[in-house]
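Number of protein chains: 2
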Amino acid sequence: MKKHNFSAGPCILPEEVLKKASEAILNFNGDNLSLIEISHRSKPFVAVMDKAQKLVLELLNLEDKGYKVLFLQGGASTQFLMTAYNFLNKKAAYLNTGTWSSKAIKEAKLFGDLVEVASSKDNNFTYIPKEFEIPVDADYFHCTSNNTIYGTQLKEFPTTDVPMICDMSSDIFSRQLDFSRFDLIYAGAQKNMGPAGTTLVVIKESLLENVQRQVPSMLNYKTHIDKDSMFNTPAVFAVYVSMLTLEWLKDIGGIEFIEKVNNKKAELLYNEIDRNPLFKGVVNKEDRSTMNTTFVLTDESLKAQFDTMCADAGISGINGHRSVGGYRASMYNALPLYSVQALVDVMQELERNN
Amino acid sequence: MKKHNFSAGPCILPEEVLKKASEAILNFNGDNLSLIEISHRSKPFVAVMDKAQKLVLELLNLEDKGYKVLFLQGGASTQFLMTAYNFLNKKAAYLNTGTWSSKAIKEAKLFGDLVEVASSKDNNFTYIPKEFEIPVDADYFHCTSNNTIYGTQLKEFPTTDVPMICDMSSDIFSRQLDFSRFDLIYAGAQKNMGPAGTTLVVIKESLLENVQRQVPSMLNYKTHIDKDSMFNTPAVFAVYVSMLTLEWLKDIGGIEFIEKVNNKKAELLYNEIDRNPLFKGVVNKEDRSTMNTTFVLTDESLKAQFDTMCADAGISGINGHRSVGGYRASMYNALPLYSVQALVDVMQELERNN
Numbered sequence: 010m011k012k013h014n015f016s017a018g019p020c021i022l023p024e025e026v027l028k029k030a031s032e033a034i035l036n037f038n039g040d041n042l043s044l045i046e047i048s049h050r051s052k053p054f055v056a057v058m059d060k061a062q063k064l065v066l067e068l069l070n071l072e073d074k075g076y077k078v079l080f081l082q083g084g085a086s087t088q089f090l091m092t093a094y095n096f097l098n099k100k101a102a103y104l105n106t107g108t109w110s111s112k113a114i115k116e117a118k119l120f121g122d123l124v125e126v127a128s129s130k131d132n133n134f135t136y137i138p139k140e141f142e143i144p145v146d147a148d149y150f151h152c153t154s155n156n157t158i159y160g161t162q163l164k165e166f167p168t169t170d171v172p173m174i175c176d177m178s179s180d181i182f183s184r185q186l187d188f189s190r191f192d193l194i195y196a197g198a199q200k201n202m203g204p205a206g207t208t209l210v211v212i213k214e215s216l217l218e219n220v221q222r223q224v225p226s227m228l229n230y231k232t233h234i235d236k237d238s239m240f241n242t243p244a245v246f247a248v249y250v251s252m253l254t255l256e257w258l259k260d261i262g263g264i265e266f267i268e269k270v271n272n273k274k275a276e277l278l279y280n281e282i283d284r285n286p287l288f289k290g291v292v293n294k295e296d297r298s299t300m301n302t303t304f305v306l307t308d309e310s311l312k313a314q315f316d317t318m319c320a321d322a323g324i325s326g327i328n329g330h331r332s333v334g335g336y337r338a339s340m341y342n343a344l345p346l347y348s349v350q351a352l353v354d355v356m357q358e359l360e361r362n363n
Numbered sequence: 010m011k012k013h014n015f016s017a018g019p020c021i022l023p024e025e026v027l028k029k030a031s032e033a034i035l036n037f038n039g040d041n042l043s044l045i046e047i048s049h050r051s052k053p054f055v056a057v058m059d060k061a062q063k064l065v066l067e068l069l070n071l072e073d074k075g076y077k078v079l080f081l082q083g084g085a086s087t088q089f090l091m092t093a094y095n096f097l098n099k100k101a102a103y104l105n106t107g108t109w110s111s112k113a114i115k116e117a118k119l120f121g122d123l124v125e126v127a128s129s130k131d132n133n134f135t136y137i138p139k140e141f142e143i144p145v146d147a148d149y150f151h152c153t154s155n156n157t158i159y160g161t162q163l164k165e166f167p168t169t170d171v172p173m174i175c176d177m178s179s180d181i182f183s184r185q186l187d188f189s190r191f192d193l194i195y196a197g198a199q200k201n202m203g204p205a206g207t208t209l210v211v212i213k214e215s216l217l218e219n220v221q222r223q224v225p226s227m228l229n230y231k232t233h234i235d236k237d238s239m240f241n242t243p244a245v246f247a248v249y250v251s252m253l254t255l256e257w258l259k260d261i262g263g264i265e266f267i268e269k270v271n272n273k274k275a276e277l278l279y280n281e282i283d284r285n286p287l288f289k290g291v292v293n294k295e296d297r298s299t300m301n302t303t304f305v306l307t308d309e310s311l312k313a314q315f316d317t318m319c320a321d322a323g324i325s326g327i328n329g330h331r332s333v334g335g336y337r338a339s340m341y342n343a344l345p346l347y348s349v350q351a352l353v354d355v356m357q358e359l360e361r362n363n
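Quick note, the sequences are listed as chains A and B, same order. Numbers given in my numbering equal positions in the first sequence, counted from 1, plus 9. Numbers given in my numbering equal positions in the second sequence, counted from 1, plus 9.
These are computed hints drawn from the structure, not numbers from a lab. A hint or two may mislead.
Where chains are identical, the list cannot tell them apart; a pair therefore holds if satisfied intra-copy or between any two copies.
Keeping only pairs whose Cα atoms sit at most 30 Å apart, straight-line, the calculated BS3-like set for lysine-lysine is [stated by the list, open to error]:
| no. | residue 1 | residue 2 |
| --- | --- | --- |
| 1 | 164 | 213 |
| 2 | 60 | 289 |
| 3 | 52 | 289 |
| 4 | 164 | 289 |
| 5 | 236 | 130 |
| 6 | 28 | 12 |
| 7 | 118 | 63 |
| 8 | 99 | 259 |
| 9 | 312 | 52 |
| 10 | 12 | 74 |
| 11 | 11 | 213 |
| 12 | 289 | 12 |
| 13 | 112 | 52 |
| 14 | 118 | 231 |
| 15 | 115 | 63 |
| 16 | 112 | 213 |
| 17 | 112 | 28 |
| 18 | 139 | 11 |
| 19 | 139 | 164 |
| 20 | 11 | 100 |
| 21 | 118 | 269 |
| 22 | 52 | 269 |
| 23 | 11 | 118 |
| 24 | 99 | 29 |
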């Protein structure tokens, strides 16, 4: 039985993508060579990189707007320091909405002054601060669009004249936004884009003019832009699977279509959480993430029973993050609506049984 | 027809490894989930990471000698700066034997003084300098064990009291060495270990005592050691395939066995290059690499003919690096002896025809 995979990341990918990826490991491009044993500078792979970059710009509606697309290594965690290494000259403004924002802040502090414009740490990151001011002389403003661990999501982004940098690791390609408002977007692939091992960076090329520090080659965005993301050997497999996933997304109707599906999935699960007396949501209603739903049992003694029922129904990956506890159902792009229905069914069955 | 894959990297991997990797993309561990859609903190993947680390220590004969094994991201290119960021406090000594050494030197210069103890640049890196002195007050000595691009290889390593750091990207696991003489070894996976996307670091834990600088988390070896190489999401697929390849190597007899095969392959090809009047080796005989054989035609007008004959015989990936020209046959661990024989056959056929 195929599982209902609610894993927070690495996470579910479209089945047709997995099939194509599996085939490419044996025979890529009909050349009788594996995808992973050919040169990254060979024509077939250069075409993959090129296509992946084009698909990103197309899906985000950023074509011909001065943006470059990079597939780097090292995860969002490396972007925490790279963004600061490149662009923090004097002072930067950060919105602290959870574990990942806090980590970004920690790394940036090595490179200059930090202004935390607002933080929801006072209430264990269960809400998104709305009222804050971004200093006009900040080098940039940094925020995290979706908080994978706590299950909150920025619904609105501030209006500011300083460059806006956003960690969109866990909700990129899930909803329509005016992506041209951002100067740099980064995202680990392993949620809506592909397997772990590559990190998407979408950067407005003009932002490079702000670099004042001497940056080591591998941490320098310019290095990678100048070499079309092929300065060194990229994570070939992860880039290929990302390309396949972006292709899949385009084919089913792009972000416009998937956003509707994602909203339906979120509505279905949150409605059940709010209706069912055995469950309770963790975060502020208006800040609820469409990607990661955090909830707890109102009666902790039902935990063993619920866990067994979930396992029996093939529901996988809904344990809360070790730093939060409870449950977390991650509903990324590739998770079908019927998987959410399966979870809701179990929640209702638990209610009937008790 | 399966090709004879002489690619310089990413390169040939054992067929059984490719088969297992392809299967794991569809169903890993019999759990009806893909390897790339499960949490990296799930038991099955933690077991993969653990096994890969143990296999490295076992194969390198470094068990219980104070070494830690990391699977990082960012390639050897990131190690160029990480080694210096962590360990270059005042001055470091580098041996310059080619493109990769030169790049390592360039990055290290951002962090302190560099002493180039010797260089073979004067003769386009066609030899390995033998006579040089390592300053006793250097923070460390850095060298590149095998030069993928030029086709030279260090047969002997210097005796020194300063910590020894070695980039073994293109010949690790190919020959027996006293690996305990090195304090830090790094290697991009995509030659003898696996696909592109992960970088092996084997580090003597006591070396951490030398760190004086405040290093960003992701660039700090201590961060990764403290979290057993799971500080952030690792490149799951690349680590898994590396584990499979290390397992394969152990099963066929480890480095002791593969070294004999590698020597046979190298002997076969170099003998033909020396015997056949139509070909000429590029580098000093005593410094010839067993991994990458560089050679040229003595009569350039035969190029089109030779290239066609190679293509017809299914020989792939023997074009020289764009910075050197000529030919380069890379004969990594997974390349069978019969592939080298196939190349030698074509070389002899070319001789008969002309």
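The hints, checked one at a time:
no. : hint         : verdict
1   : 164 with 213 : within (23 Å within a copy, 47 Å between copies)
2   : 60 with 289  : neither (43 Å within a copy, 40 Å between copies)
3   : 52 with 289  : between (53 Å within a copy, 29 Å between copies)
4   : 164 with 289 : within (22 Å within a copy, 66 Å between copies)
5   : 236 with 130 : between (40 Å within a copy, 25 Å between copies)
6   : 28 with 12   : both (16 Å within a copy, 23 Å between copies)
7   : 118 with 63  : neither (34 Å within a copy, 36 Å between copies)
8   : 99 with 259  : neither (41 Å within a copy, 53 Å between copies)
9   : 312 with 52  : between (54 Å within a copy, 21 Å between copies)
10  : 12 with 74   : neither (41 Å within a copy, 43 Å between copies)
11  : 11 with 213  : neither (41 Å within a copy, 43 Å between copies)
12  : 289 with 12  : within (25 Å within a copy, 59 Å between copies)
13  : 112 with 52  : between (39 Å within a copy, 25 Å between copies)
14  : 118 with 231 : both (22 Å within a copy, 19 Å between copies)
15  : 115 with 63  : neither (33 Å within a copy, 32 Å between copies)
16  : 112 with 213 : both (24 Å within a copy, 28 Å between copies)
17  : 112 with 28  : neither (36 Å within a copy, 39 Å between copies)
18  : 139 with 11  : neither (41 Å within a copy, 60 Å between copies)
19  : 139 with 164 : within (10 Å within a copy, 64 Å between copies)
20  : 11 with 100  : neither (50 Å within a copy, 57 Å between copies)
21  : 118 with 269 : neither (39 Å within a copy, 52 Å between copies)
22  : 52 with 269  : neither (37 Å within a copy, 34 Å between copies)
23  : 11 with 118  : neither (45 Å within a copy, 53 Å between copies)
24  : 99 with 29   : neither (47 Å within a copy, 51 Å between copies)
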